[in-house]
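S.K.: Listed here are the chains, written in short residue letters.
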Amino acid sequence: MSAVNVMSGKGIEGSLRRAKIFQQLTLYIPAAVLALLVLAAIFAPFLAPYSPTKTALGQRLIPPFFIEGGSTAHLLGTDTLGRDILSRVIFGARVSLSVSLLVILITSTIGTVLGIIAGYLGGRTGTVLMRVTDVSLAFPAILIAILLAVVLGPSFKTVVLAISILGWAPYARLIRGEALRLREADFVAQARIIGSSPLRIMVRHIFPNIINPLIVIATLSVGLVILTEAALSYLGAGIPPTTPSWGAMVYDGRSLIDTAWWISLFPGMAIGLVVLSGNFLGDWLRDKLDPRLRQL
Amino acid sequence: MSKIILQVEGLHTVFFTRQGVVKAVDGVSFYVREGETFGIVGESGCGKTVTGLSILRLLPEPAGRIVGGKIILDGKNLLELSKKEMREYRGSMISMILQDPMTSLNPVYTIGDQIAESVRLHQNLKDDAVEKEVISALRLLKIPAPEMRLHDYPFQMSGGMRQRVVGAIAMSCHPRLLIADEPTTALDATIQAQYIALFKDVQRQTNVAIVFITHDFGVVAQMCHRVGVMYAGKIVETATTRELFKAPRHPYTSALINSVPRLDRKDNRLYSIEGQPPSMTDLPRGCRFFPRCSVARDVCREQEPGEVDIGGEHSVSCWRVS
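Going line by line, the protein sequences match chains Z and H. Read in this note's numbering, the first sequence has 106 at position 106, and its numbers run on one by one without any break. Convert by adding 1000 to the 1-based position in the second sequence; the result is the number in this note's numbering.
So here's chain Z without its partners, still in its complex pose (with noise of 0.2 Å):
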């Protein structure tokens, strides 16, 4: 075949045709897979085989039922307390995505609101915005969590609390560095020329020209906070180890991890799979909100 044949039609709308069917798949895959854990998580005294509770010392440590001394009763095994992994799982979704999912709304919406006039209007009530945002991004993260779970006592609110009470200052360092580039734009000017307040300027036309880097370190954030969620859990700052977290549950068989495997790898499976999904939905919803890519 010619170099022509390779170029024709029919080879350019195929490309196209496979570029479309790439796109969507990375859209439906991910949307299905947070789909079904948001469901598992709302329907979990359902769908669980076992309470995520019950303890079995009779039945520790089976191993998951495609491994030999496995069974079909405890699909993905047991843990040291003769806990069903597979019933922990799907309880733990509770804990680890309302956790997340809060987390990221209080501290996205704190950090872009003060990076955004930060930024934009600069001067003293800019410097002291930073400096504030600089001691959050120095102070150790799981000091103040402690110091939290110690006078509030641990609970879900003192989780979501303690690790949104730092959590926002990479934002605002971020989204401060975008207003100050969008600051000096001149479709900014344009904005006061026609005689545009300071604020609809921030609301209006810096806001929406940074929802592709919020976006994504919104959704690069998922796993980091599924794991300092964890991290506190093992540290007794947590919410009460009576609830299964995934986070939680990693830590756990820690200790096990050459034996005992699965009590680690199934949740760890868990938290992998909603940062993936989370990441590609990001991109997505970046390219949507984009228009010059819109179009495509």
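Read the hints as simulated data drawn from the structure, not as lab findings. Since the model is a prediction, treat every value here as computed from it, not as a measurement. All residues carry an ideal CB built from backbone N, CA and C; glycine is no exception. Certain hints may be false.
So these bits of chain Z aren't anywhere near chain H, every CB distance computed over 10 Å [what the hints assert, rightly or not]: (1) L180; (2) A189; (3) R254.
Some but not every residue of chain H turned toward chain Z, in silico, with C-beta under 10 Å [said to hold, decoys possible]: (4) S1092; (5) M1096; (6) Q1099; (7) S1104; (8) V1108; (9) Y1109; (10) E1117.
Examples of chain Z residues toward chain H, derived with CB under 8 Å [said to hold, decoys possible]: (11) F43; (12) A185; (13) D186; (14) Q190; (15) R192; (16) I193; (17) I194; (18) G195; (19) S196; (20) H205; (21) P208; (22) N209; (23) N212.
Take the given structure of chain Z and dock chain H to it, following the hints.
M.R.: Coordinates of chain H only, in the frame set by chain Z:
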């Protein structure tokens, strides 16, 4: 003669920098009539753009500040308005066109949205009335098929078309004064000529007064009725365009005109002005043009010349004239 719409008197704008106070605009006075185009010409850094931004009170704060003078627009001194009143004036009474059409539109909104924003800011209209205004603004700037183009994003348009959209935003609320800061510099020569013809037409239809900032004498000749030549923060000569080209009185003006290539002369080398404009933090004591002037006298070194009106709307600041 038509009414004077803008009168700038003794405008002083300074920038506070680490090197000291820079007097970017140092006592500039001029006026513009309704339906007239006043050109401000000069080299880079002579204070043209700062003059334009001063009129809109959009200097980069806190470094830049207007420290003296009056800017009277339609009988009101803009320097006495509050920030909020000034915002209401911007867009509705005065507007501005920036140099680079590729960056002066917001990439995330359609051009219709961006024109509509300006309309909504200054007029309390219903959605369909806003759209009517948007279409009429696009039509004024001769953008073909405005009903369809208004749904386009800036990246879908060429540079020339974008600059028309910028013009449409500027004209959308029927301002009395338009400041155009080198609006044709970023355009191709052919598009540039079109744009100038377009703006003359817009001016005929709307009777808007234009302050046209440029460094291009060709553009001045095509576009402006009167011209002010700026050097190191001062207007050194003001005259009607015809008079300025025919009988320039300031040595800087004649030097500038001589350094434009001409088809009707057979010089081998293009004339150029010796030296550099003075540093704005270290101005010469006497006339600012003195170090580069070919006809300078002793008095030029010692004392700054005052502005002399030589009749027929022509005034010059030069010791040779007074």
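S.K.: Would you mind marking each hint as holding or not holding in the structure?
M.R.: Now for the hints, and whether the structure bears them out:
Distance to chain H confirms L180/Z as a non-interface residue, since its nearest Cβ pair spans about 13 Å, more than 10 Å. Against the 10 Å criterion, A189/Z falls within the reach of chain H, whose nearest CB is about 6 Å from its own CB. Even its closest Cβ contact with chain H, about 46 Å, leaves R254/Z beyond 10 Å, as expected for a residue assigned away from the interface. Taken as an interface hint, S1092/H checks out: its beta carbon lies about 7 Å from the nearest beta carbon of chain Z, inside 10 Å.
For M1096/H, the interface hint holds, the least distance from its beta-carbon to any beta-carbon of chain Z being 5 Å, beneath 10 Å. Hint status for Q1099/H relative to chain Z: holds, with the closest Cβ pair at about 8 Å, below 10 Å. Interface restraint check: S1104/H against chain Z, minimum CB-CB distance 4 Å, threshold 10 Å, status holds. A hinted interface residue such as V1108/H counts as satisfied when its beta carbon comes closer than 10 Å to some beta carbon of chain Z; here the least separation is about 5 Å, so the hint holds.
Evaluation of the Y1109/H hint against chain Z yields a held restraint, the C-beta minimum of about 8 Å falling below 10 Å. Evaluation of the E1117/H hint against chain Z yields a held restraint, the C-beta minimum of about 7 Å falling below 10 Å. Given hint, F43/Z at the interface with chain H, is violated; its Cβ is 39 Å from that chain's nearest Cβ, farther than 8 Å. Satisfaction of the interface hint for A185/Z is found here, the shortest Cβ-Cβ separation to chain H being roughly 6 Å, below the 8 Å cut-off.
For the restraint placing D186/Z at the interface with chain H, the shortest Cβ-Cβ distance is roughly 4 Å, inside the 8 Å limit, so the hint holds. For the restraint placing Q190/Z at the interface with chain H, the shortest Cβ-Cβ distance is roughly 5 Å, inside the 8 Å limit, so the hint holds. Contact between R192/Z and chain H, as hinted, is supported at the beta carbon level, the nearest pair being about 6 Å apart and thus within 8 Å. Taken as an interface hint, I193/Z checks out: its beta carbon lies about 5 Å from the nearest beta carbon of chain H, inside 8 Å.
Hint status for I194/Z: holds, given a least beta-carbon distance of 4 Å to chain H, under 8 Å. At its closest, the beta carbon of G195/Z sits 4 Å from a beta carbon of chain H; the interface hint therefore holds under the 8 Å criterion. Proximity of S196/Z to chain H holds as hinted, the smallest CB-CB distance being about 7 Å (cut-off 8 Å). Interface restraint check: H205/Z against chain H, minimum CB-CB distance 6 Å, threshold 8 Å, status holds.
Against a cut-off of 8 Å between C-beta atoms, the interface hint on P208/Z holds, since the closest Cβ of chain H lies about 5 Å away. Nearest Cβ of chain H to the Cβ of N209/Z: about 6 Å, under the 8 Å cut. The hint holds. Violation of the interface hint for N212/Z is found here, the shortest Cβ-Cβ separation to chain H being roughly 10 Å, above the 8 Å cut-off.
Of the numbered hints given earlier, the model fails hints 2, 11 and 23; all others are met.
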